[in-house]
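J.: Assemble chains V and W with the ligands onto chain D, guided by the hints.
Next come the chains, spelled out residue by residue.
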Amino acid sequence: MKTNLAGPAAELRITNLVKRFGTAAAGANNFMAVDNVSLTVPPGSFFAMLGPSGCGKTTTLRMVAGLEQPTSGEILLNGKDITHLKPYHRPVNTVFQNYALFPHLTVHENVAFGLRRKGEPDIAKRVDAMLELVQLNDFGARRPAQLSGGQQQRVALARALINAPQVLLLDEPLGALDLKLRRQMQLELKRIQTEVSTTFRPVPPDQEEAMTMADTIAVMRHGRVEQLASPVDLYERPATAFVANFLGKSNLLEGRVTGTDGALLLVETHGVALRLPAANRPATTTNDLLVGVRPEKLHMAAAGAQLPASHNKLQATVTDSSFMGVSTQYVVRTAWQQELTVFTQNLGVDGMRARDTAVQLHWDPQHTFAVPRTGALPETEEET
Amino acid sequence: MAQAIAPLPAAASPHRPASHQPALLFRVWRAITRNLVVFYAFLALLYIYLPVIVVVIFSFNDNTGRYNFTWQGFTLKSWLNPCGVSGLCPAMVKSLQLAALSTLGATLLGTMIAFAIVRHRFSGRTATNVLIFMPMATPEIVMASSLLALFLNLGIPTGFGTILIGHILFNISYVVVTVKARLQGMNSSLEEAAMDLYANEWHTFHKITLPLVTPGIISAALLAFALSFDDFIVANFNSGNVVTFPMFVWGAAQRGVPPQINVMGAAMFIVALGLALASLAMQRRSA
Amino acid sequence: MSTVPARRGLLSGTRWMPYALLLPGLLWLALFFVTPILTLLSTSLQEGSISTGFRLTWRIANYTDAFWNYREQFGRSILYASLSTLLALVICYPLAYFIAFRAGRYKNLMLLIVVAPFFTSFLIRTLSWKIILADSGFVVRVFQTLGLLPAGGRLLATSVAVVAGITYNFLPFMTLPLYTSLERLDASLIEAAGDLYAGPVTAFFKVTFPLSMPGVVAGTLLTFIPAAGDYINVRFLGTPAQYMLGNVIDSRFLAVLDYPTAAALSITLMFTILVLVGLYVRRAGTEDLV
Ligand SMILES: Nc1ncnc2c1ncn2[C@@H]1O[C@H](COP(=O)(O)OP(=O)(O)OP(=O)(O)O)[C@@H](O)[C@H]1O
Ligand SMILES: [Mg+2]
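Protein chains in written order, with this note's numbering: chain D, 1 to 384; chain V, 1001 to 1287; chain W, 2001 to 2290.
Do not rely on the hints blindly, as some may be mistaken.
[Unchecked claim] Restricting the straight-line Cα-Cα distance to at most 35 Å, the calculated cross-link-like pairs of lysine-lysine (DSBU-like) are: (1) K249/D to K313/D; (2) K2130/W to K1077/V; (3) K1094/V to K2130/W.
Hints listed in this document are in silico derivations from the structure and should not be mistaken for laboratory results.
Chain D extracted, bound-state conformation (with noise of 0.2 Å):
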């Protein structure tokens, strides 16, 4: 079986690429859809892009397939370059945001599509493989327009999927399904990929979704890579802003860098010093950073109790808690006015803090992370 519909997975690399689109308001070619993305994706890694509405993914998809000429940049398969290429020429197949299925053929014809084209042998008999391996045996004969969503987004999969691209471009693929199916699909994705080991580039809906499927990720916005790496690094180690509060939610304090000690960085927030790791250090010049962590990272104690004495420490007063379940999450205010959020697990140890208790968080220096300051805009920027 692996031998059959294997194509052997190949690096992707992408180096400066840049789309411009021309638009109606604003004359042209001036709108820049991706703007100098440069990024490697290793063989067999399941890849992901990640980013709002609008950030450049499926441009950028588009452009792998060969089906957008991108303005200028290059892209390389195995180090050949693909970027002229016509999209009939690239060993890579893509699964449309909406599937894309050919009406008019069955759905034994859709999948064979791409075999009879190259003219290969024993169609009949890969399609046939392919359908059993989607769990489809018994709809060959159908139009797609008698399938549910989920068996013609399998179909759209299975398409792609027999011609052993060197790499699979997924967008949106499970963006039209519900939960439930998402999840099935998801697994069979897995499933399908350690059968095939083809390097699957899809483009998630949720973020979630994502973190759990991923190998490698990259964070986009306004046409650029935020950040690119595996789910951890981007969770624990975000390099902007803005990837800190668009996967899960950052607590960030305005610092500026006042010296080192040993493999820690000493910052200085609001005349409260603060250790950080000086490898999270951010490659910028200035000295002026922001510095993060993470909700659930943040310990809180009563004022005046004892701390471990490497932790970070700040004082607040709570403002506002809200009783989720496993955890609770409250807002606490600094002294200088500065609202930060607290999740800490319900281990039934001390009860529910009032509003207008004074509090001292602390947390490791190990789980903060430091931003440029630049790009820091409001969260609120990026919802869509």
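T.: Positioned in the frame of chain D, the structure of chains V and W with the ligands alone reads:
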């Protein structure tokens, strides 16, 4: 002026169930208006069918004089001898030839234009759209007389060829509009998907685009055929001594209308209805 | 994604491709539509007769003479066409509404049934009306019994018959665009409107009718234009007292061989219709007809 046929209607969209219970008063009102509409539609249908019924009835008239205006008794003789009137069947053949050739020409030219408009960027788009719209905004008599003026000025003798030129001309715009609508309704991601699946431009056109646009092209061709077949005005101005079927009817109306003309009219209605019903049945089955 | 313009480019082929596709068709239109209209324009400014030949003398008076001599027929063309268009709208709107909203799964069948009669030849249909409206026919007798017509009154050879015939003959041109635009409407939108506005009548005029405007505009144009140029209905159902501009152009061109007058009248008709259509389309706010 010729008559339009229905561009083959798309499959009926699924019935949308009412999502809520309207207020009682509203329901009463709606019951009244609903039946009013049904009643009204029935009257309108009667109006539409009255002339056809008369045509069919009088095709069985056993008329003796020149005129076929009063009922004189039932007979099948006109149906059994449709070509019994001299000149009728040759005119019919001429009309069919004209319709077939002009359909071929206009469908080809119009489909190409539709593709260019929907699928390509080019300068002069507005001018092109105006040029295509203009013939539809021009009364046929103006088109017919201007063509005659041209042929007179150039000393071109009128005849079969000049009618054909006119018919292709007025059909092009209708073909463009019909095919364009179909093309615009077609998602271009289907063609992109084909290219993504190793189909080159020609295969994409041949395997995906063409099959999907074909219903639109067929509707356009049927429309062109009907418009050409039924045209009197352009033919009357530019026919020379060629006689088409509508011209034959025109002449007969001055001299006396034989029941064979009614036979032809009834047959056209029956053939059109039969074809339409058959295509509808086929749509049902494939859906 | 609906705001993103259609993605072109990939299938466009070479740069000269669109021109190659356009060329034959547009050439045809240029040769056999634009040139004839220009020839007609030139003919309309000529003087002479068929025996002495015609010469271009830029005689503008051809227009004023023609217009003045045939102002009645001209007025009748516009009047009859307007009346017929209005009548056709009143007849077809409920019909199209019925098919779009009440015919359920028989929509397409109903549409075919409505359009099928128009496949019998235009001229045959009109002749059929001649039988129906004949002095001894049942329509006249019914009208006379009801007192709508005086004894000995007739329908044939009157304006009523002519307008009725024109209205009838162009019904499909009204029905199809109306149906298309009504069919696209979301029925739930109309129901919602029924809740928001007091009654269905208000709802109809506030929601359904405005939303079907593109169909109304297309239908009225497609009816008005051929109706204004028609002369067949008058010939079969009317008398010279009902002659329209089409009849004059027909006889000037083909019988009297007075080409300049016929050409001037044709150009005037075309120009008038273009102006009326332009004004109408601007008022109705739908410029997206082609
Ligand atoms: N053909 C085009 N012409 C002009 N602008 C375009 C075109 N295609 C895309 N854009 C613009 O480029 C930007 C990026 O579009 P893209 O489809 O890549 O977004 P996306 O990240 O896939 O968004 P979503 O998550 O909503 O699918 C958008 O602002 C879009 O409006
Ligand atoms: Mg997208």
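J.: All the hints need checking, so say for each whether the structure fits it.
T.: These are the hints, each one checked on the structure:
| no. | hint | verdict |
| --- | --- | --- |
| 1 | K249/D to K313/D | holds (20 Å) |
| 2 | K2130/W to K1077/V | holds (23 Å) |
| 3 | K1094/V to K2130/W | holds (27 Å) |
The structure shown violates none of the earlier numbered hints.
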